[in-house]
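**Q** Chains as they are written, first to last, in our numbering: chain A, 7 to 251; chain B, 3 to 450.
Keep in mind the hints are simulated off the structure, nothing from the lab.
These figures come from a predicted structure and were not determined experimentally.
Treat the hints with caution; some may be incorrect.
Stated by the list, open to error - In silico DSSO-like cross-links for lysine-lysine, where the CA-CA straight-line distance does not exceed 27 Å: (1) B/Lys251 to A/Lys213; (2) B/Lys251 to B/Lys95; (3) A/Lys239 to A/Lys220; (4) B/Lys251 to B/Lys282; (5) B/Lys95 to A/Lys59; (6) A/Lys213 to A/Lys46; (7) B/Lys243 to B/Lys313; (8) B/Lys282 to B/Lys313; (9) A/Lys59 to A/Lys46; (10) B/Lys282 to B/Lys337; (11) B/Lys380 to B/Lys313; (12) B/Lys337 to B/Lys388; (13) A/Lys59 to B/Lys251; (14) B/Lys357 to B/Lys388; (15) B/Lys253 to A/Lys213; (16) A/Lys213 to A/Lys247; (17) A/Lys46 to B/Lys95; (18) A/Lys46 to B/Lys147; (19) A/Lys213 to B/Lys277; (20) B/Lys306 to B/Lys357; (21) B/Lys147 to B/Lys359.
As the list claims (entries may be wrong) - Here's a subset of chain A near chain B, in silico, CB distances under 7 Å, partners left out: (22) Arg40; (23) Glu44; (24) Ala50; (25) Asp51; (26) Phe189; (27) Ala193; (28) Pro199.
Think of the CB as a built atom: it goes at the ideal place given N, C-alpha and C, for glycine as much as any other residue.
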Amino acid sequence: MSGNVLVLGATSAIARGTAAAFAARGDNLYLASRDLEELKRIAADLHVRYGVKVHYGLFDAEATATHAAFFQSVIMEMHELSGVVLAFGLLGDQQAARDFNVAEKIIASNFTGAVSILSHCANHFEPLKRGFIIGISSVAGDRGRQSNYVYGAAKGALSLYLQGLRNRLFASGVRVVTIKPGFVDTAMTFGLPGLFLVASPQEIGQKIVQTLNKSADVVYLPGFWRYIMLIIKHIPEPIFKRMKM
Amino acid sequence: MSTLTTPLSGWGRYPVESCELERPERYADLRPTTDTLIARGQGRSYGDASINENGRVILTERINRMLELDARLGILRAEAGVTLAEILPVIVKQGWFLPVTPGTKFVSLGGCVAADVHGKNHHHEGGFAEYVLGIELILADGTRKTCSVTENEDIFWATVGGMGLTGIIGEVTLQLIPIQTSQMMVRHHAADNIGHLFQLLQDPALDDRYSVAWIDCLATGDQLGRGIAMFGHHASAAEYKSDNPLFSKPKRTRSLPFDFPALALNPLTIGAFNKLYYYKESRKLTPFLADYDSYFYPLDAIGKWNRMYGKRGFVQYQCVIPDQTALEGITALLKVLSDSRRASFLAVLKRFGAKGKGMLSFPLAGYTLALDLPIRDKGLFSLLDKLDKIVLQHGGRVYLAKDARLSAESFQAMYPRHEEWLRIKTEIDPQHRFSSSMSRRLNIGGTK
């Protein structure tokens, strides 16, 4: 059964992998991001490879005032939406994020912008009593670490928001899934030292789409990250604060 | 953009040099960012063509979008990082095939252009470049230039076969060929020796769209150059009757999980394999059907097969010798090889048709011999120098996409159009920013 899926932040590697996995099972797509040249290329590629219809349009997570009109235009073009994948995010430079202006931008992209667009999506799906929302958060949101706590705080807030949304929408049969990727081979991680067991974005994309056939609410990808984070979350704070992570 | 400094090699795993990798994900980021750089697709050239010692290497693997497929005219426009393995399932089911394909599908489209690759059909249909309708080349100053046989013609002919040294190939528009089925109709003929093998490859009664010969290069004396000639064409709907003739089953690849010990491939094991292979394959005299994957890409079934040659790697030596002197030259090469008792696990002989217009393109009308030789000691390199001399004496040349060790002098003697090529390169890349370990070794662009 093919549906129509909106991918927000569609130019990231994980989003591309996810969009490809949706297209492979026959879903038509609406790809959204700030970079129209890239969107055009990705849309053309998914159409050539999978024969599905791929629409695309401009979307800026930080420009929350434009989100209502954007979402309306997506509904106009797709008529019916079966679900949404929120894949945008901004890692930012942690050193620079000591400056609040930089930190604010990281929060605006990862959290405020996400809440804004997801409000429109939730309000759309709730009365229809169907649909899914997949939010790509991060393992960085599970515990604050000196190496990326501003990004981590924003993603942690997003995870909490998705949790609340899941609770609210459960009664209407709208599925909300939180994805927490570990190390994925993307532009964000390329060349970083100390990475291990790095997953490919195609593989992560396929697993993200597969979660729709399962009942899990919070999914770590690859799955072993659940245990890594379990350990990290349980290190007592007096010890954790001394660690270099 | 963050970079990764790491030891890097080509498919032959020799030489290994430290390079600084950059992997753009957006087309806009596919541009020169440093003083010296070379683009790298899948790293399937064998030697040092896609490495750049202590310099930048731009990985194009994420710039791999197929942008347009005209299913009526069979024209594909795609970004250069896309692999033939990605293209094939998409085009085959619509009744199209690659006009020319090398022996592996795990190569990028950009790499096929940069090396002006050839296939088993060169004697009829020429090289890859003949089917390239246009490219977008990203120049040293970051500008994008459309090049084709009618637009910026000289840059086009300097870029096809130009080993990535004129700029970064960003997009390629390719003319495909029509097929009726996904299957190949194949016939094998055994040859007792090299002379017989040449006769088979030349025989118009046997000839087909694709032809290639495998040589048992451990055979000596009267049997020197014995082998199997293999002919094939895309099976017609009449030859392959099926409700779904264009269907092809996706193949699974199993990878070699570790490096073989250096001595795993020795004259004894290779000799045993060759005997077995010769007798097994020579019995396939009646035509048989084979899917395109196993026909064109038998080695792709084993991922990372380069590990078979051990940690020290191997050199693939591929040369072409013009028609008039081919039998004599190739016999001389096989003789030297056989006398050296260095076994080549893979020895392949193919026919080439008339040369194309690429200034540094490899093919010329004649016969091409490819040998895989494991690196066990320095003696191999003096043997290869000896082979170069024979090739030069017979008016032939060595294939740059396979090469790791040719001298600048031999290169210049083999590629008479290199000066013309260098003039065009210098016009569009005056500071010689596009530079690889190969270009410095061959002294074509960039200084050491």
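**Q** Take the hints in turn and mark each one as holding or not.
**A** Here's how the hints hold up against the structure:
| no. | hint | verdict |
| --- | --- | --- |
| 1 | B/Lys251 to A/Lys213 | 23 Å, holds |
| 2 | B/Lys251 to B/Lys95 | 11 Å, holds |
| 3 | A/Lys239 to A/Lys220 | 25 Å, holds |
| 4 | B/Lys251 to B/Lys282 | 25 Å, holds |
| 5 | B/Lys95 to A/Lys59 | 19 Å, holds |
| 6 | A/Lys213 to A/Lys46 | 25 Å, holds |
| 7 | B/Lys243 to B/Lys313 | 46 Å, violated |
| 8 | B/Lys282 to B/Lys313 | 31 Å, violated |
| 9 | A/Lys59 to A/Lys46 | 13 Å, holds |
| 10 | B/Lys282 to B/Lys337 | 25 Å, holds |
| 11 | B/Lys380 to B/Lys313 | 15 Å, holds |
| 12 | B/Lys337 to B/Lys388 | 12 Å, holds |
| 13 | A/Lys59 to B/Lys251 | 25 Å, holds |
| 14 | B/Lys357 to B/Lys388 | 25 Å, holds |
| 15 | B/Lys253 to A/Lys213 | 21 Å, holds |
| 16 | A/Lys213 to A/Lys247 | 34 Å, violated |
| 17 | A/Lys46 to B/Lys95 | 24 Å, holds |
| 18 | A/Lys46 to B/Lys147 | 20 Å, holds |
| 19 | A/Lys213 to B/Lys277 | 47 Å, violated |
| 20 | B/Lys306 to B/Lys357 | 32 Å, violated |
| 21 | B/Lys147 to B/Lys359 | 20 Å, holds |
| 22 | Arg40 | 11 Å, violated |
| 23 | Glu44 | 5 Å, holds |
| 24 | Ala50 | 5 Å, holds |
| 25 | Asp51 | 4 Å, holds |
| 26 | Phe189 | 14 Å, violated |
| 27 | Ala193 | 5 Å, holds |
| 28 | Pro199 | 9 Å, violated |
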